[in-house]
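**Student:** Sequence:
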Amino acid sequence: MSDLLIAAGGGGDPVGTAIVHAATSRDPHAVIATYAWERLEVDPTPGPLGPAAFTGWRGSAGGHRFTGRTTAVPPAGSTLPRLSESLGPSLLLLDPYQGVPGLARQIRRAADASGCGQVRIVDIGGDILTHGDEPTLQSPLPDALTLAACATAGVTASVHVAGPGLDGEIPEGVLLPRLTGGHLTPTDQDVRAAAAALAWHPSEASALFAAAATGRRGTVRTVGDEVRLTPASGQVHHLTLDQALAHNPLARALYQEQPGSLEDAERLALRTCGFSELAREREAAERLSATAPASRAVPVPTSRDQVLYTLWQSAPGAGCVTFRYAARVLGLSWRDIPRLRELTKADGPLLPLVM
Numbered sequence: 014m015s016d017l018l019i020a021a022g023g024g025g026d027p028v029g030t031a032i033v034h035a036a037t038s039r040d041p042h043a044v045i046a047t048y049a050w051e052r053l054e055v056d057p058t059p060g061p062l063g064p065a066a067f068t069g070w071r072g073s074a075g076g077h078r079f080t081g082r083t084t085a086v087p088p089a090g091s092t093l094p095r096l097s098e099s100l101g102p103s104l105l106l107l108d109p110y111q112g113v114p115g116l117a118r119q120i121r122r123a124a125d126a127s128g129c130g131q132v133r134i135v136d137i138g139g140d141i142l143t144h145g146d147e148p149t150l151q152s153p154l155p156d157a158l159t160l161a162a163c164a165t166a167g168v169t170a171s172v173h174v175a176g177p178g179l180d181g182e183i184p185e186g187v188l189l190p191r192l193t194g195g196h197l198t199p200t201d202q203d204v205r206a207a208a209a210a211l212a213w214h215p216s217e218a219s220a221l222f223a224a225a226a227t228g229r230r231g232t233v234r235t236v237g238d239e240v241r242l243t244p245a246s247g248q249v250h251h252l253t254l255d256q257a258l259a260h261n262p263l264a265r266a267l268y269q270e271q272p273g274s275l276e277d278a279e280r281l282a283l284r285t286c287g288f289s290e291l292a293r294e295r296e297a298a299e300r301l302s303a304t305a306p307a308s309r310a311v312p313v314p315t316s317r318d319q320v321l322y323t324l325w326q327s328a329p330g331a332g333c334v335t336f337r338y339a340a341r342v343l344g345l346s347w348r349d350i351p352r353l354r355e356l357t358k359a360d361g362p363l364l365p366l367v368m
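Count along the sequence shown from 1, then add 13; that gives the number in this note's numbering.
Hints listed in this document are in silico derivations from the structure and should not be mistaken for laboratory results.
Errors might be hidden in some of the hints.
Said to hold, decoys possible - No farther apart than 25 Å at their CA atoms in a straight line, the calculated lysine to any residue pairs in the SDA-like style are these:
{"no.": "1", "residue 1": "K358", "residue 2": "A328"}
{"no.": "2", "residue 1": "K358", "residue 2": "E299"}
{"no.": "3", "residue 1": "K358", "residue 2": "E239"}
{"no.": "4", "residue 1": "K358", "residue 2": "H251"}
{"no.": "5", "residue 1": "K358", "residue 2": "P314"}
{"no.": "6", "residue 1": "K358", "residue 2": "D146"}
{"no.": "7", "residue 1": "K358", "residue 2": "P329"}
{"no.": "8", "residue 1": "K358", "residue 2": "G231"}
{"no.": "9", "residue 1": "K358", "residue 2": "V311"}
{"no.": "10", "residue 1": "K358", "residue 2": "V236"}
{"no.": "11", "residue 1": "K358", "residue 2": "S316"}
{"no.": "12", "residue 1": "K358", "residue 2": "E147"}
{"no.": "13", "residue 1": "K358", "residue 2": "V320"}
{"no.": "14", "residue 1": "K358", "residue 2": "G330"}
{"no.": "15", "residue 1": "K358", "residue 2": "R348"}
{"no.": "16", "residue 1": "K358", "residue 2": "R230"}
{"no.": "17", "residue 1": "K358", "residue 2": "R241"}
{"no.": "18", "residue 1": "K358", "residue 2": "R341"}
{"no.": "19", "residue 1": "K358", "residue 2": "R95"}
{"no.": "20", "residue 1": "K358", "residue 2": "L197"}
{"no.": "21", "residue 1": "K358", "residue 2": "H196"}
This structure is a prediction, so every number in the text was calculated from the model and none was measured.
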């Protein structure tokens, strides 16, 4: 028997999910199911990736399991194969292209294979509790699909919101009143469960959560905006599946209407929330393709002081920046994050702007 967790939002959520797992269980055989749905700088193809977008799967009773030998078929890209080597829990692919019924079958299969009595759904940031009308909402569909599919699968599930507000989609002050259950704060030891992944992965929300859990406070500059870390930023809040569904109108609509494809789910999201994140991704990918300059390597700077001064100038008032932000400002790729860490001698989740 092994624990089964679902990283509800895809992207870098498996990193934060590993921290939540360490804080709530000591099972060394845990499994994290996740979408291969990442930012365009990682995967230039819009939308999630299905099994056919990868080679080198490991056979598993629970579904498609990532290993270090799993490879995204170009032009697609993914951090998940490398994450499978950096995190303790195994990683399984969630494929949403068959809609809610297909996703429910995958979750049921994974739950049966794990033998666990309860599925833990983890969301970093908290947009899984969206009411659908928040002006800063950006990506409600993955989380809503997860809730609807778990309800359809009939699994016993709990919902865990880590780092309220840290993904920039629902402000902390709006989100906290929706979190009426108990909460915990991971320890430094729990955060170390994701240290190998945080050393190179570009996830900002998971890095902010890890930093807050280990005591970091104050203003942090991210690619999207400034984020203020508070005591609540390092917390993990617990809800039932029914409580989460009661908050999320898109998840309820997906559960009630059971769209049989991602395309149908997208149309339902457009009708419910007033926008389609998939359409936005497609438009952004087209712009990126049309405006991208000829690929050329930008050398990593060699002066620590110059790097910190450049970042300090670009982020006035911030005590730290995310490594993704630092790479962006310096004209580097997220793949240069380990070299930036080495240059700046920063070993935590964030880069302090200390000269």
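**Student:** Mind checking the alpha carbons of K358 and R341 for me, to see if they're no more than 25 Å apart?
**Tutor:** 19 Å, holds
**Student:** Checking one constraint from the list: CA of K358 to CA of R348, max 25 Å. Satisfied?
**Tutor:** 17 Å, holds
**Student:** Compare the distance between the alpha carbons of K358 and R95 with 25 Å, and conclude whether the hinted pair is satisfied.
**Tutor:** 23 Å, holds
**Student:** Given the hinted pair K358 and L197, is their Cα-Cα distance within 25 Å?
**Tutor:** Violated. K358 to L197 sits at ~30 Å, over the 25 Å cutoff.
**Student:** Does V311 lie within 25 Å of K358 when you go C-alpha to C-alpha?
**Tutor:** Holds, because 20 Å separates the two Cα atoms, which is no more than 25 Å.
**Student:** Holds or violated: K358 and A328, Cα atoms, limit 25 Å.
**Tutor:** 19 Å, holds
**Student:** For the pair supplied as a hint, K358 and S316, confirm whether the alpha-carbon distance does not exceed 25 Å.
**Tutor:** 12 Å, holds
**Student:** Would the hint linking K358 and E299 be met if the CA-CA limit is 25 Å?
**Tutor:** Distance ~37 Å between K358 and E299 Cα, so the pair is violated.
**Student:** Between K358 and R230, is the straight-line Cα distance small enough, at 25 Å or below?
**Tutor:** 20 Å, holds
**Student:** Mind checking the alpha carbons of K358 and D146 for me, to see if they're no more than 25 Å apart?
**Tutor:** Violated - the C-alpha atoms of D146 and K358 are around 42 Å apart, more than 25 Å.
**Student:** With the threshold set at 25 Å, check whether the alpha-carbon distance from K358 to R241 stays at or below it.
**Tutor:** Within the cut-off at roughly 23 Å; holds.
**Student:** Between K358 and G231, does the CA-CA distance stay at or below 25 Å?
**Tutor:** Measuring from Cα to Cα gives roughly 21 Å; hence the hint holds.
Comparing the model with each numbered hint stated earlier shows that hints 2, 4, 6, 12, 20, 21 do not hold.
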